[in-house]
Amino acid sequence: MNEVPNTNALIDSLVAESAPVRRLRPSGLRLSLWLVVQIAIAAYVFSGGVRADIGGQLASPLYLVQLAILAAAITLLARAAINAGTPGSEAWSSAKVGVTLMVVALGFLAAYPANTALEISLFSTFGFPCAVRTAMLSLLPTSWLLAAIYRGWALSPARAGLVAGAAGFVLGFTMMRVLCALDDPLHVMAWHWAPVLLGCAVSAAAGALIFSFGRK
Amino acid sequence: MRETQPRLNQEENPVDWRGVTMGRAQEGDEEAYRALLADVAALLRRYFSKHIREVQDLEDVVQETLLSIHRGRHTYDPSRPFEPWLFAIARNVKSDHLRRLISRQSWEILVEEQPEQVAQPDTPIDALGDALESLPESQRNAFRHLKIDGRSVEEAAAIEGTTPGNLRVRAHRAYKSIRERLTKS
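Here the protein sequences come in this chain order: A and B. Under my numbering, the first sequence has 192 at position 192, and the numbering climbs by one with no breaks. Every position in the second sequence, counted from 1, becomes a number in my numbering once 1000 is added.
Any given hint could be a false lead.
[Said to hold, decoys possible] So the derived list for chain B, only partly shown, Cβ under 8 Å to chain A, looks like this:
no. : residue
1   : Tyr1033
2   : Gln1063
3   : Arg1073
4   : Lys1094
5   : His1097
[Claimed, not checked] So these bits of chain B aren't anywhere near chain A, every CB distance computed over 10 Å:
no. : residue
6   : Asp1016
7   : Phe1048
8   : Ile1089
9   : Leu1132
Hint data in this document are derived by calculation from the structure and do not stem from the laboratory. Positions of the beta carbon are idealized from the N, C-alpha and C atoms, including for glycine.
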């Protein structure tokens, strides 16, 4: 069989270029680093001022449970994103649980009254800055996760990008729940949540592009 | 101080042996790396032979997996089992291979249809020429090497100064563009 010598030649050439490599840090350590980054961003943002009614909100179990669920979702999604860059590591079941928790947290918005009387121009005037802030707050954590995946090796590039975007943008969404005093579900869905969906799509496209290119 | 990996016996404990040996290979131990790749090549051949019958295809896929292992060897964590890492990569290479096979088959069907249309005015051959000219140079070269000059993927990749995987991607994109263009015309 003449194929085996080819494989042997390939092995020879791979061995010839087998310089020592810098291993990826353990995923637990990288997740801890990401949590530190996330806490630093949150501390910086909140030092500029939080929603005026934060005292009352923190006394509300509805609000606290919502934040706790979002925090769990972010951690699971970030873990999935980090693992997505390591072949053979569990990533997608964490991501599924994270997405489920995200949906549950959104379901809590139904408990708040909707303000349907607001004029469309005012709705946009109040809302647009929130969409911009959500995107700004999400950029750094998403980029950090994309860089962490790039350092490893994503076997499913678009999915890895999607999960990184989900973790980063849900973090931005969560911070906006602490910064913006408007709980109107219409406002939150249109100006806080829509940027999350858009961010996930962009991050998935970026992942497909960057990680596929990185493999070649 | 660098921690030295324990030396295990391959026959007695092949599973742990692979993980430990990969750990040593990551540190630049050539002997360990050679032994591991040879062992893994045999393992992969057994694994892929359940799904791929063609001997040349089988060997291509084994080689592609070895290249992938080499490229991604920094992602292996020696404190974790080696096999899940290896087979995640192998499965990925296998599904890429199957995708390429499907697209190659659809291209071959397209080529088989050409002779019947040669006699018609404004022939598909002209259209094929036009479609080829419209491609970016890298894709056009990939197509020419594989489909006109009859070179192997490895030869073509060496000429173009790229990897076989990348050359296949270029060729696949060329087939897709040509197919779309011919379907329209």
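Was the hint right that Tyr1033 (chain B) lines chain A, CB cutoff 8 Å? holds, 5 Å
Do the numbers back the hint for His1097 (chain B), that is, is its least Cβ distance to chain A under 8 Å? violated, 14 Å
Just double-check Asp1016 (chain B) for me: nearest Cβ-Cβ distance to chain A has to come out over 10 Å. Correct as stated: the minimum Cβ-Cβ distance to chain A is 16 Å, above 10 Å.
Per the stated criterion, does the least C-beta distance between Leu1132 (chain B) and chain A lie above 10 Å, as a non-interface residue requires? holds, 23 Å
Proposed interface contact between Gln1063 (chain B) and chain A, which counts if any beta carbon pair is under 8 Å: holds, 5 Å
Once the closest CB in chain A is found, is it more than 10 Å from Phe1048 (chain B)? holds, 12 Å
Less than 8 Å between beta-carbons is the criterion; does Lys1094 (chain B) satisfy it with respect to chain A? violated, 12 Å
If you take the shortest Cβ to Cβ gap from Arg1073 (chain B) to chain A, is it below 8 Å? holds, 6 Å
According to the definition I'm using, a residue is off the interface if its beta carbon is farther than 10 Å from all beta carbons of the partner; does Ile1089 (chain B) meet that for chain A? Label violated. Min Cβ-Cβ 5 Å, cutoff 10 Å.
When each numbered hint is compared with the structure, violations occur for hints 4, 5, 8.
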